[in-house]
Amino acid sequence: MKKEDLQKFYLTYRLYIFPVVVTFSCLVLIILVIYPETVKLIINQKTQEEVLNKHKFLEVKAQTLANFDSEDLNKKLNYVLSSYPGEKDFISAMSLLQNIATQLGFSVVSINLGTGAAKADKGQSFSLRLEVLGPTNFLPTLLNRIENATRIMKISSVDTNSGKESQSGTTTINIDTLYAAVPSSGGTVDSPLPELSQKDEEILVKLARVGTPQSTQATSQLGPRGKANPFE
Amino acid sequence: MTKIAINLLSEEFKIAELKRAKFYKVQTIGVAAILIMVFLSFLTVSLRFLQSQNLKQLQGKISAAQDKIIDLKDTQKTLILLKDRLMAIDQYLDHPSKQAQMYNLVAEVLPKSISVSSIAVGSTGDVLVLGVARDGESLDKAIADLTLSESGKEKVGQVILDGISRGREGIYRVTFKIKPKG
Numbered sequence: 001m002k003k004e005d006l007q008k009f010y011l012t013y014r015l016y017i018f019p020v021v022v023t024f025s026c027l028v029l030i031i032l033v034i035y036p037e038t039v040k041l042i043i044n045q046k047t048q049e050e051v052l053n054k055h056k057f058l059e060v061k062a063q064t065l066a067n068f069d070s071e072d073l074n075k076k077l078n079y080v081l082s083s084y085p086g087e088k089d090f091i092s093a094m095s096l097l098q099n100i101a102t103q104l105g106f107s108v109v110s111i112n113l114g115t116g117a118a119k120a121d122k123g124q125s126f127s128l129r130l131e132v133l134g135p136t137n138f139l140p141t142l143l144n145r146i147e148n149a150t151r152i153m154k155i156s157s158v159d160t161n162s163g164k165e166s167q168s169g170t171t172t173i174n175i176d177t178l179y180a181a182v183p184s185s186g187g188t189v190d191s192p193l194p195e196l197s198q199k200d201e202e203i204l205v206k207l208a209r210v211g212t213p214q215s216t217q218a219t220s221q222l223g224p225r226g227k228a229n230p231f232e
Numbered sequence: 233m234t235k236i237a238i239n240l241l242s243e244e245f246k247i248a249e250l251k252r253a254k255f256y257k258v259q260t261i262g263v264a265a266i267l268i269m270v271f272l273s274f275l276t277v278s279l280r281f282l283q284s285q286n287l288k289q290l291q292g293k294i295s296a297a298q299d300k301i302i303d304l305k306d307t308q309k310t311l312i313l314l315k316d317r318l319m320a321i322d323q324y325l326d327h328p329s330k331q332a333q334m335y336n337l338v339a340e341v342l343p344k345s346i347s348v349s350s351i352a353v354g355s356t357g358d359v360l361v362l363g364v365a366r367d368g369e370s371l372d373k374a375i376a377d378l379t380l381s382e383s384g385k386e387k388v389g390q391v392i393l394d395g396i397s398r399g400r401e402g403i404y405r406v407t408f409k410i411k412p413k414g
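As given, the protein sequences belong to chains A and B, one line each in that order.
First residue of the first sequence? That's 1 in our numbering, and the numbers climb one at a time after it.
First residue of the second sequence? That's 233 in our numbering, and the numbers climb one at a time after it.
In isolation and in its complexed conformation, chain A is listed as follows:
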């Protein structure tokens, strides 16, 4: 077919050929460009919103973390860990018990490690057996002091014997001393930050009132109790 024939053919049928070509071109543009791009645009809009929210969350989290005074936070953690430690703190718990008992006028006969090791709701505990001699009317106070001490301890059993007409007696108290291992994971980058509530702050104030080195204080107050020279 010659060029002139083609031209002649087009000129004869251009009224039909042109709209067909235009429609075809439009369809090609719609199918290959407009539709897929619009679909991707809509899908990416959702992704963009998610990414934007994530960005806002991370920014706020980073800002919040940066605003924390790490020194103050560590101080608070020390209070909390002295109250609910990560490991068995036999010595400090024993010293604290001795301190509480002596403050109330009891003389400590013995403090032993108990046999039972209970598992508390979240953590673990070791048992201490406190044997005291002293005024039985102060026993409720002693029990309350032990349970309300900043070091978390719970009475598991009490056995008290007093002589006839006597106001003093021997009491054996089994105490569950709670502790829980410090978790190794410290949360992920995306995990939300916990907020310290008013109640948490109140607990911290309460713990801080006694101070971190409560157990140390108790130990230092007691001091060395033996002879200076044991060979004398």
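These are calculated hints, taken from the structure and not from any lab test.
Do not take every clue at face value.
[Unchecked claim] Covered stretches of chain A (chain B as the covering partner; in silico rule of three or more C-beta atoms under 8 Å from a C-beta of chain B):
| hint | segment |
| --- | --- |
| 1 | 5-13 |
| 2 | 71-81 |
| 3 | 192-206 |
[To be verified] Below, in silico cross-link-like pairs of lysine-lysine (BS3-like), each with a Cα-Cα straight-line distance of 27 Å or less:
| hint | chain 1 | residue 1 | chain 2 | residue 2 |
| --- | --- | --- | --- | --- |
| 4 | B | LYS235 | B | LYS246 |
| 5 | A | LYS40 | B | LYS293 |
| 6 | B | LYS330 | B | LYS409 |
| 7 | B | LYS413 | B | LYS373 |
| 8 | A | LYS88 | B | LYS309 |
| 9 | A | LYS54 | B | LYS293 |
| 10 | B | LYS293 | B | LYS330 |
| 11 | B | LYS251 | A | LYS3 |
| 12 | B | LYS288 | A | LYS40 |
Don't be surprised by glycine CBs; every beta carbon is placed ideally from N, CA and C.
Following the hints, position chain B against chain A.
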């Protein structure tokens, strides 16, 4: 005066002109349609490009924020541990154990006329009391106080008289068990 209209154009020319006019119309509409489609294509592609640029920027900002958080990982760890411990402490602090509550109740409620020689509070909160009552009345009062007093009603589930003996002097040696509620 009437106008005289004389059309000297041939019929074929007239048809050709009409066809041409029709084609121009179709051509205009076709070109407009193509232009609109091209514009829409350009618009969607541009918007997608801008969107991916925005996403890239946001990803960059996210990475920066993540780096900041990683730098402050110790603070985060401390905070999480602090909160975890505070929640645990809150469960125990100022929440006396059943054992302490039962001991305090017995110490508070038992009348002075009963001389207690032994009180044992078990791990379940059961209390075993060994005592001497000077008379039956004080024994009755003790049991009534344990079960009917405000705090007794709240905490005591059952009072079981395990043993009772009357001595020559008229005193009662009693053993009773107090079971807590719940």
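Evaluated hints:
1. 5-13: With 0 residues close enough to chain B, the hint is violated.
2. 71-81: holds (count 6)
3. 192-206: holds (count 9)
4. B/LYS235 with B/LYS246: 22 Å, holds
5. A/LYS40 with B/LYS293: Holds: A/LYS40 and B/LYS293 sit about 22 Å apart, inside 27 Å.
6. B/LYS330 with B/LYS409: Given pair B/LYS330, B/LYS409 holds - Cα atoms ~15 Å apart, limit 27 Å.
7. B/LYS413 with B/LYS373: Satisfied, since the Cα-Cα distance of roughly 21 Å is no more than 27 Å.
8. A/LYS88 with B/LYS309: 21 Å, holds
9. A/LYS54 with B/LYS293: Holds, at roughly 10 Å.
10. B/LYS293 with B/LYS330: 54 Å, violated
11. B/LYS251 with A/LYS3: 23 Å, holds
12. B/LYS288 with A/LYS40: Cα-Cα ~15 Å, so holds.
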